[in-house]
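Chain order of the listed sequences is A and B.
With our numbering as the guide, the letters of the first sequence map in order to residues -19 to 163.
With our numbering as the guide, the letters of the second sequence map in order to residues 1355 to 1515.
What the hints contain is simulated information worked out from the structure, not anything from laboratory work.
Virtual Cβ for every residue (Gly too), placed ideally from N, Cα, C.
Hints may contain errors.
Straight-line C-alpha distance at most 20 Å; calculated DMTMM-like pairs for lysine to aspartate or glutamate [to be verified]:
no.	chain 1	residue 1	chain 2	residue 2
1	A	K43	A	D(-16)
2	A	K11	A	E130
3	A	K11	B	D1421
4	A	K49	A	E101
5	A	K49	A	D133
6	B	K1440	A	D28
7	A	K11	B	D1418
8	A	K45	A	E121
9	A	K45	A	E130
10	A	K(-2)	A	D(-12)
11	A	K68	A	D28
12	A	K11	A	E101
13	A	K(-2)	B	D1418
14	A	K45	A	D28
15	A	K11	A	E121
16	A	K11	B	D1428
17	A	K11	A	E95
18	B	K1440	A	D(-16)
Partial list, derived from the structure: chain B residues whose beta carbon lies under 7 Å from chain A [claimed, not checked]:
no.	residue
19	L1416
20	R1432
21	H1436
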Amino acid sequence: MSSDPDLDDIVRAARGDKRAQSSIIRRHVAKLHAVAVRMTGDPAAAEDIVQETFVRAWRVMAKWKPQAKFSTWLHRVTLNLCYDHLRKRRDLTGKALPDHADPAMTPVEALDQAERVAAIEQAISGLPERQRAALVLCRLEGHTNIAAAEIMDVSVDALESLLARARRSLKATLGLDKEAEHG
Amino acid sequence: MADRQGDTTSGDDRIIALVEAYGAEPAAWPEADRHAGNLARLADPSPALLRAIDQSGHLDDLLDTLDQPLPANDLAQRIMAHAPSKPWRRRLASSIVEPSPWLSVSGALASLMVGLIIGVNTTSSAGAEYQTTEEDVLIYGALGLDDDFAAFSPADDEREK
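All chains should be modelled from the sequences, with the hints used to inform the complete structure.
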């Protein structure tokens, strides 16, 4: 395993060193927050999720064993908290969110910039959770396929399959496949 | 070159799978596959590969328009509020090793005051303390320090006079 850039800070942060704690937060907070926002589509919930991730991190730091990279662990906790949040939200609304957006939707190319961004975000939020997670980690947050597979606890082949299905769904939802077929 | 089957070649299958999973740009592919991806694009691509690249390229363009979500400014502070503090033994130890500035100033002032008080008290009795006796003369003489002793003993000088 390659050396973990967080390791020194983890040891000092567990002893209450504020500078090390701050350094760990600075290194990860924006990335974890972005994953949580893209997974939940809810910035307030995303902040709660990131805070909870760090509360758990502070708890495990004193007995941290470097079997996995700390950033991988943080992302995995964030992702699991996102799944929990989505599950609770589903339970509250009493039905599953649609896996696919409305196929009669206006082709994305015909929308203005703001509408287009909203349509893309809506299409992403309509993806099944694991496909969304694969797309968010790999395509939107720039993790390598190996790192993303490790965070999601799946094989690289499984990740690739999730990515391909996610992108196929998005193309269908956003009307990109029809466009190509007709053009 | 791989054999062509319909509108694809057997070599295209893996490239199309990569395009569909990771996007049209080989730069976004797993490192081990990038070279093959670049070659496939330079060579004579099949219609299926061209279609896959076109569709995925469109999707990539759209995904690139999404802004990076930014956390609230105080999120880091809120997280810090839950971070572990030093145990009291370590806090005590670090306050001894690294005293706070006000402690350093008050410590210096206290040292100064104690020094002044001791200095004043000892100066007033110094004359008596430095009175030499015959015993002192004998001891210093035995050590061969007669001259030095005489030089630093004004009381003796006075006695000789």
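Do the hints match the structure? See the list:
no.	hint	in the structure
1	K43/A to D(-16)/A	holds (16 Å)
2	K11/A to E130/A	holds (16 Å)
3	K11/A to D1421/B	holds (13 Å)
4	K49/A to E101/A	violated (30 Å)
5	K49/A to D133/A	holds (13 Å)
6	K1440/B to D28/A	violated (25 Å)
7	K11/A to D1418/B	holds (17 Å)
8	K45/A to E121/A	violated (26 Å)
9	K45/A to E130/A	holds (17 Å)
10	K(-2)/A to D(-12)/A	holds (13 Å)
11	K68/A to D28/A	holds (14 Å)
12	K11/A to E101/A	holds (18 Å)
13	K(-2)/A to D1418/B	violated (37 Å)
14	K45/A to D28/A	violated (26 Å)
15	K11/A to E121/A	holds (7 Å)
16	K11/A to D1428/B	holds (16 Å)
17	K11/A to E95/A	violated (25 Å)
18	K1440/B to D(-16)/A	violated (24 Å)
19	L1416	holds (5 Å)
20	R1432	holds (6 Å)
21	H1436	holds (5 Å)
Of the numbered hints given earlier, the model fails hints 4, 6, 8, 13, 14, 17, 18; all others are met.
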